[in-house]
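Peer 1: Sequence:
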Amino acid sequence: DAWPAIEERFAHLVRWADADGEGVDASNMVCAPIVASSLEAALADIREAAADGAGLVELRLDKFAGGPQAVCENLPALMAAARAHALVVLATFRPTWEDPSAGYSGEDGPRFQALRRASELGAAFV
Numbered sequence: 323d324a325w326p327a328i329e330e331r332f333a334h335l336v337r338w339a340d341a342d343g344e345g346v347d348a349s350n351m352v353c354a355p356i357v358a359s360s361l362e363a364a365l366a367d368i369r370e371a372a373a374d375g376a377g378l379v380e381l382r383l384d385k386f387a388g389g390p391q392a393v394c395e396n397l398p399a400l401m402a403a404a405r406a407h408a409l410v411v412l413a414t415f416r417p418t419w420e421d422p423s424a425g426y427s428g429e430d431g432p433r434f435q436a437l438r439r440a441s442e443l444g445a446a447f448v
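Under my numbering, think of the first position of the sequence shown as 323, with each following residue one higher.
Keep in mind that the hints were calculated from the coordinates and are not lab data.
Some hints could be false.
Stated by the list, open to error - Simulated restraints on C-beta separations: (1) E442 / P417: 16 to 22 Å; (2) P355 / G444: 15 to 21 Å; (3) G428 / V352: 28 to 34 Å; (4) E429 / E395: 15 to 21 Å; (5) D374 / G428: 28 to 34 Å; (6) Q391 / W419: 18 to 24 Å; (7) P422 / A373: 18 to 24 Å; (8) W419 / R369: 30 to 36 Å; (9) G375 / P432: 32 to 38 Å; (10) W419 / A373: 31 to 37 Å; (11) A406 / S360: 16 to 22 Å.
Predicted, not measured: the structure shown is a model, and the values here were computed from it.
Even for Gly, the Cβ is constructed at its ideal location relative to N, Cα and C.
Put together the whole structure using the sequences plus the hints.
Peer 2: Take a look at the structure:
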């Protein structure tokens with residue numbers, strides 16, 4: 323039965339649902355895309371999104387320079403910045419076969435690993 327593994331992987335969403343969305347301000351779901359290629363630029367964009375009133379940021383991980391390894395190394399700082407500004411995170415890592423303007427054309431395994439890491443670090447949506 324695969325259900326326990328699925329439930330464990332998405333435990334943070336189960337807790338959020340069980341709490342009736344507590345901790346997420348559903349009144350402000352304005353989403354700002356973060357498409358920066360470096361950590362410094364992404365952190366600046368997160369700060370700007372919060373200052374401009376966003377309630378949610380989409381971290382476009384496929385746009386980050388250095389591929390999945392660099393994404394995994396920098397995710398803790400990105401997630402910490404979003405948390406510091408009380409922003410909900412949607413993490414995406416789009417492949418070029420899905421979106422021609424995406425920034426990733428490699429194998430799915432490393433891409434999924436980065437998305438799994440974002441989920442472990444608290445991304446509400448992947």
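Peer 1: Would you mind marking each hint as holding or not holding in the structure?
Peer 2: Outcome of the hint check:
1. With their beta carbons about 21 Å apart, E442 and P417 fall inside the hinted range of 16 to 22 Å.
2. Hint check: P355 to G444, Cβ distance near 19 Å, so the stated range 15 to 21 Å holds.
3. A hinted range of 28 to 34 Å for the beta carbons of G428 and V352 is consistent with their spacing of about 32 Å.
4. In this structure the supplied range 15 to 21 Å holds for E429 paired with E395, their Cβ-Cβ distance being about 18 Å.
5. Checked against the hint of 28 to 34 Å, the pair D374 and G428 passes, with Cβ atoms roughly 33 Å apart.
6. Restraint check, Q391 to W419: a C-beta distance of roughly 21 Å satisfies the suggested window 18 to 24 Å.
7. At about 32 Å, the CB distance of P422 to A373 disagrees with the hint of 18 to 24 Å.
8. One distance hint, 30 to 36 Å for the beta-carbon pair W419 and R369, holds here, with the actual separation near 33 Å.
9. Roughly 34 Å separates the CB atoms of G375 and P432, a value that falls within the hinted 32 to 38 Å.
10. W419 and A373 have their C-beta atoms about 35 Å apart, which keeps the hinted 31 to 37 Å range intact.
11. Here the CB-CB span from A406 to S360 is close to 19 Å, well matched to the stated 16 to 22 Å.
Of the hints listed earlier, the one the structure fails to meet is number 7.
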